[in-house]
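K.L.:
Here is what each chain is made of, one letter per residue.
Protein chains: 2
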Amino acid sequence: MSERVFIAIEDPADPRIAEFSQIRERDLTGRSGRFIAEGTVVLRMLAAAHAAAGDFVAEKILLLKNRVDGVGDVLAAFPADIPVYVADAPVLDAIAGFHLHRGVLALGRRLSVAAPADLVARLPETSLVLVGCGISNHDNVGSLFRNAAAFSADAVLLDETSCDPLYRKALRVSVGSVLTTPYARGGSSEAMLASLAEAGFAIWALSPAGATELNAITAAGRMALVVGTEGDGLPATILSRFATARIAQSPHIDSLNVGTAAGIALYSMARAMGRIS
Amino acid sequence: MSERVFIAIEDPADPRIAEFSQIRERDLTGRSGRFIAEGTVVLRMLAAAHAAAGDFVAEKILLLKNRVDGVGDVLAAFPADIPVYVADAPVLDAIAGFHLHRGVLALGRRLSVAAPADLVARLPETSLVLVGCGISNHDNVGSLFRNAAAFSADAVLLDETSCDPLYRKALRVSVGSVLTTPYARGGSSEAMLASLAEAGFAIWALSPAGATELNAITAAGRMALVVGTEGDGLPATILSRFATARIAQSPHIDSLNVGTAAGIALYSMARAMGRIS
Numbered sequence: 000m001s002e003r004v005f006i007a008i009e010d011p012a013d014p015r016i017a018e019f020s021q022i023r024e025r026d027l028t029g030r031s032g033r034f035i036a037e038g039t040v041v042l043r044m045l046a047a048a049h050a051a052a053g054d055f056v057a058e059k060i061l062l063l064k065n066r067v068d069g070v071g072d073v074l075a076a077f078p079a080d081i082p083v084y085v086a087d088a089p090v091l092d093a094i095a096g097f098h099l100h101r102g103v104l105a106l107g108r109r110l111s112v113a114a115p116a117d118l119v120a121r122l123p124e125t126s127l128v129l130v131g132c133g134i135s136n137h138d139n140v141g142s143l144f145r146n147a148a149a150f151s152a153d154a155v156l157l158d159e160t161s162c163d164p165l166y167r168k169a170l171r172v173s174v175g176s177v178l179t180t181p182y183a184r185g186g187s188s189e190a191m192l193a194s195l196a197e198a199g200f201a202i203w204a205l206s207p208a209g210a211t212e213l214n215a216i217t218a219a220g221r222m223a224l225v226v227g228t229e230g231d232g233l234p235a236t237i238l239s240r241f242a243t244a245r246i247a248q249s250p251h252i253d254s255l256n257v258g259t260a261a262g263i264a265l266y267s268m269a270r271a272m273g274r275i276s
Numbered sequence: 000m001s002e003r004v005f006i007a008i009e010d011p012a013d014p015r016i017a018e019f020s021q022i023r024e025r026d027l028t029g030r031s032g033r034f035i036a037e038g039t040v041v042l043r044m045l046a047a048a049h050a051a052a053g054d055f056v057a058e059k060i061l062l063l064k065n066r067v068d069g070v071g072d073v074l075a076a077f078p079a080d081i082p083v084y085v086a087d088a089p090v091l092d093a094i095a096g097f098h099l100h101r102g103v104l105a106l107g108r109r110l111s112v113a114a115p116a117d118l119v120a121r122l123p124e125t126s127l128v129l130v131g132c133g134i135s136n137h138d139n140v141g142s143l144f145r146n147a148a149a150f151s152a153d154a155v156l157l158d159e160t161s162c163d164p165l166y167r168k169a170l171r172v173s174v175g176s177v178l179t180t181p182y183a184r185g186g187s188s189e190a191m192l193a194s195l196a197e198a199g200f201a202i203w204a205l206s207p208a209g210a211t212e213l214n215a216i217t218a219a220g221r222m223a224l225v226v227g228t229e230g231d232g233l234p235a236t237i238l239s240r241f242a243t244a245r246i247a248q249s250p251h252i253d254s255l256n257v258g259t260a261a262g263i264a265l266y267s268m269a270r271a272m273g274r275i276s
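Residue numbers (numbering that gives the first Met the number 0), protein chains in the order written: chain V, 0 to 276; chain L, 0 to 276.
Don't take every hint at face value.
Claimed, not checked - Only part of the chain L face toward chain V is listed, based on derived beta-carbon distances under 10 Å:
| id | residue |
| --- | --- |
| 1 | Arg171 |
| 2 | Val174 |
| 3 | Ser176 |
| 4 | Thr179 |
| 5 | Asn214 |
| 6 | Ala218 |
| 7 | Ile252 |
| 8 | Ala261 |
| 9 | Tyr266 |
| 10 | Ser267 |
| 11 | Ser276 |
Unchecked claim - Computed footprint of chain L on chain V; a stretch qualifies when at least three of its residues, placed anywhere within it, have a C-beta under 8 Å from a C-beta of chain L:
| id | region |
| --- | --- |
| 12 | 120-130 |
| 13 | 237-251 |
| 14 | 264-276 |
Calculated from the structure, these hints are not laboratory results. No residue lacks a Cβ here, since even glycine has one placed at the ideal position from N, Cα and C.
Isolated chain V (complex conformation):
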């Protein structure tokens, strides 16, 4: 293997690192499939995803000069032909458009995107799936993936009104779980849930007004948990068509954060299914 070469960047406008420019305000994802991985933990997950030759590859890395030694073991996990650019703090901050105290960035690319129905068709006989409808907050999408991974969910499905989980902040909050948990995004929530119902999933829509408390849910071989936006929750069209679950809580409180609520429900369902112990 050839020796890794570090490329010094002294001009924030250097075209070789253009994808890292002003990353706070914009997002690269969309048709290009490119995304920003931020921080050491996510960089490590990207290295593992790249090595696994799955849906994601790394294209380039940009580091704060004084972080190079600290992430040496993570860099060693990338092929030597992935360029590593290095900049001083003022240059790096000028590139990113804000103070990047972590000083660790990478550009990744998603190679393929599964359609929700195709992902459902590939799920194992015993499955736990998390479905997000209208999750437009990046932190919440990241939190959903982190919890799906923690409780061994097989996949995350997001409807077309949910935000892209590869957005920089969503990926960071997921601590990289977006790169390891199979997911699909697109279409209406009705279409997603119809394909899950056809595939034999017991579908539970989570709502503060749900009919069945979590602990009374009967385990099934294939289970799907459906969560909605924090403000309005799931639409009545979904709550009226599927079984509804609620989390016992204080009557004085409106509702939990959607990521926390999904975490509690996934924990309860994964335990009932005997997937975690």
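With chain V fixed as given, assemble chain L onto it according to the hints.
P.N.:
Just chain L now, with coordinates in the frame of chain V:
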């Protein structure tokens, strides 16, 4: 009751709204006890706290001009002598130092601070308490309060290395629960836990390496859940002295977000204690 007067602010340097200046970068809390409430939900909680004549009062309100009508019902809950300042978007953004799309701010003041031991001494005979050690991330502290409120905890105790829950972001993430859940902050975690143990609390330290899975914890009349920082978790001095609990989860994942983990554990303990159903 006199008619409410709205005071137009045209100069971002107007001394009457100086406390709202550059609020992203600084925090007012500390000896003055003042804090920034942001957003309609927190403003509503501040109105309720003010009316309850407890630990918190409102001092002034600053609104984006086009939000005035939308928060009319919340304003009506404040006494008419609380000044309400109104500004256009460019002035408001110049005051705050960043784009405030919510456009709803208030200045509150904490009137009294309980010492941890005094708060413990006042707890009811049957109690559930959440203890945070070294929780320095504002979002995580806010999330702990939101979950403590959701699961009917009687109090939150924070050690001296945890951040102030009245920090703007912590208060916002708590959706105002910091104003309704009794709390104390200060001293070492060892001192806090000693006072809880003396008061007859069954103390459970949460850790991915905990000995007892949540569902195997025996309910007690007085229970305390102890959580630590996300990176290092609780120190060995605590884990070796008290009973330890773990949340069943995938073996491939390091750990949950501390707010989510506390939410799952509080849910489980509150159910076991028969406090929620």
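K.L.:
For every hint, state whether the structure bears it out.
P.N.:
Verification of the supplied hints:
Nearest Cβ of chain V to the Cβ of Arg171 (chain L): about 12 Å, over the 10 Å cut. The hint is violated. Interface restraint check: Val174 (chain L) against chain V, minimum CB-CB distance 8 Å, threshold 10 Å, status holds. Taking 10 Å as the C-beta contact cut-off toward chain V, the hint placing Ser176 (chain L) at the interface holds, the least distance being around 8 Å. Restraint check, Thr179 (chain L) versus chain V: the minimum CB separation of about 8 Å is within 10 Å; hint holds.
At a threshold of 10 Å, the smallest CB-CB gap from Asn214 (chain L) to chain V is about 7 Å, leaving the interface hint in force. Because the closest C-beta pair between Ala218 (chain L) and chain V is about 14 Å apart, greater than 10 Å, the hint is violated. The beta carbon of Ile252 (chain L) comes within 5 Å of a beta carbon in chain V, closer than 10 Å, and the hint placing it at the interface holds. Hint status for Ala261 (chain L): holds, given a least beta-carbon distance of 9 Å to chain V, under 10 Å.
Of the supplied interface hints, the one on Tyr266 (chain L) holds, with its beta-carbon coming within about 5 Å of a beta-carbon of chain V, less than 10 Å. A cut of 10 Å between beta carbons decides the hint on Ser267 (chain L): the least distance to chain V is about 9 Å, and the hint holds. Because the smallest distance between the Cβ of Ser276 (chain L) and any Cβ of chain V comes to about 5 Å, under 10 Å, the interface hint for this residue holds. With 0 residues having a beta carbon nearer than 8 Å to a beta carbon of chain L, the region 120-130 of chain V misses the requirement of three or more and the stated coverage is violated.
Restraint check on the region 237-251 of chain V versus chain L: 5 residues with Cβ-Cβ distances below 8 Å, three needed, restraint holds. With 5 residues bearing a CB less than 8 Å from a CB of chain L, the region 264-276 of chain V meets the requirement of three and the coverage assertion stands.
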